[in-house]
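Asker: So the sequence lines, in the order shown, correspond to chains A and B. Taking this note's numbering, the leading residue of the first sequence gets 2, the next gets one more, and so forth. Taking this note's numbering, the leading residue of the second sequence gets 2, the next gets one more, and so forth.
These are calculated hints, taken from the structure and not from any lab test. Possibly wrong hints are sitting among the right ones.
Which copy is meant is left open, because identical chains are indistinguishable; a pair holds if it fits in one copy or across any two.
In silico BS3-like links for lysine-lysine, alpha-carbon gap of 27 Å or less [unchecked claim]: (1) Lys306 <-> Lys239; (2) Lys51 <-> Lys331; (3) Lys135 <-> Lys306; (4) Lys135 <-> Lys72; (5) Lys51 <-> Lys264; (6) Lys306 <-> Lys264; (7) Lys331 <-> Lys72; (8) Lys135 <-> Lys331; (9) Lys264 <-> Lys331; (10) Lys135 <-> Lys264.
Being a predicted model, the structure only gives us computed values, none of them experimental.
2 protein chains.
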Amino acid sequence: MLVCSKCGREYPEEFRLTCECGGTLLIRRELPPDFSDVLSGHLDIRRYLKLLPVSDDYLPEPVPAITPVSKLDIGGATTFLKLEYLQPTGSFKDRGTWVMVAKLREEGISEVVLDSSGNAAISLAAFARGAGIKAHLFVPLRTSQGKLTLLERLGAELHVVNGDRMTVHREAIRFSEGNALTYVSHWVNPYFLEGTKTAAFEAYEQLGLPDYVIAPVGSGTLFLGLWKGFSELRSMGKIDELPTFVAVQASGYESLCERSPVKSRLAEGIAITEPPRLEEMKAVLEETGGTCVSVGDSEIARALKWLWERGFMVEPTSATVLAALWRLQKSGFIPSDSRVLLPLTGSGLKTVEGI
Amino acid sequence: MLVCSKCGREYPEEFRLTCECGGTLLIRRELPPDFSDVLSGHLDIRRYLKLLPVSDDYLPEPVPAITPVSKLDIGGATTFLKLEYLQPTGSFKDRGTWVMVAKLREEGISEVVLDSSGNAAISLAAFARGAGIKAHLFVPLRTSQGKLTLLERLGAELHVVNGDRMTVHREAIRFSEGNALTYVSHWVNPYFLEGTKTAAFEAYEQLGLPDYVIAPVGSGTLFLGLWKGFSELRSMGKIDELPTFVAVQASGYESLCERSPVKSRLAEGIAITEPPRLEEMKAVLEETGGTCVSVGDSEIARALKWLWERGFMVEPTSATVLAALWRLQKSGFIPSDSRVLLPLTGSGLKTVEGI
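Can you build the whole structure from these sequences, using the hints too?
Answerer: Next comes the structure, spelled out in structure tokens:
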């Protein structure tokens, strides 16, 4: 069922974005007694199919991967870089899109609207067409040229909006309402988080329980997905407590951290000032004793260079988590012998010309 | 041990490119009685570590992925697209580079020379530096700007050569000999094929035995790796016979097919006219009843568009295999109810501006 995170109201498991009270929804299902028993033999995201709210009959192609993990010593911490940028369209968003598109197909919805800073639009463009779904994609004019070119080549129905990320968001909603089309916003979509939660299942299988999870936070789709995945592992008795969650934001676009006057130019993937799931993210920080870190462009650029020179070809937004790790090691928040999970979220191959 | 494919001479398992007779080498090891018994719990290429000539102590980062497989009906054939472009640097070459770099580290070799049309150079640049190896990379001047930019950002020691692919090859050899450096050519390197053979192990686990394997052939590192992997599965009793191998080449650069006067502009990854392992590839075609197909730019462009519109964001060289499948279905070589494995070799994100 769908449960409102604000008023607790319950809905049947249909395609629905928000509660009538305006609150965001999460999917709640009875979990199997043992995680290990329900894993399939698939060597891709379908390994966790029994823990997802989709049936076998509507799964779209391509199928998201199980992403590898690189284990590195960074300042004394055992750091696990999870290469989420190796998903089919070059970002973790494919996990969420895949579950969302499966649900749309199941319900026979064939025309939808989404707004995105680029990666979510590319992801939906890639999965929708093969699934017989027409997707109207609203992106900011300042989206990098590389990403716009990719969207065109994917045959996307593009709507380029001259305005900031929140303006694009409002335009998409206006268009969907004016044309009676389904708005599928990954910012609030409960099915999207069901996809991103699988990154936690994989990480658990690959490295066990980390002490810290450091994730970039714009709308929070990965942050909350990881939290939901680890929470379900706890419910299934695989772990006793959650890792400490660290939310990383970009200078000038903070929603959890204090707002800085200097706007980041590099971290386009998390330039979101009013994420609808803000209260849920605050609750995760409180529940796990976590914290928020805001990083600026000089720190991001340094972390990005460090990653590339070790073979991790990510986009600038992905480097924010390393910048945050360095900062929290310096401040003493993260002790030197910790085990830290750093998801690297997006491919740097899309934005080569933008650096 | 290393065994010469020409004269049969044997060498101990050290880093060595070719036989004293000039022949190419393959690694031969005693195989375990059962493939399934030696699989590790890793959800990445290390799953097959016990079947590789490398020890646990020298494995480089990042670690190559288990790539997902998409199952599509194409002209009646059950087609399995294996998404090799989702490796850390965007091409299947990472499998080979990873094993090769592990062996170089084991032997304490810290400065090497390689020539490449782009992807192999990007792969080595990404893996070498973190492993403490300085890699001199020789690439053609006509390499796409996107790939050159990536090489620079990886901190590569670049040598750009104004000439065709074979000229670049000769220049790299001359430089390595003149400076007494180890030349590691993936074209002949026996350790490289040990990495690419894992794609066959994965495919077997993911889809069983296909009737046909259609692979692009320039130097043949994937083609021969797939053949070696399936051959080892046969030796271990998992399959009774090999799939039929189809070699796909680009117009104007044929080595197995008859040479066409029209030179492909799109398939830069396989623009290799004199591959050193040519006789071995001929033997694979003969052994499996296979064939060679040469495709031109208009067919490649059509296949590329088809793939992108279904969410498979590959480079033009990768689309050659689909063009070949269409051709062989038309000619009747591949019956409509066949099971076909199509590895998609390289990411289209690197070459966006080149199309």
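Asker: Which of the numbered hints are not met once you compare them with the structure shown?
Answerer: 1, 2, 5, 8, 10
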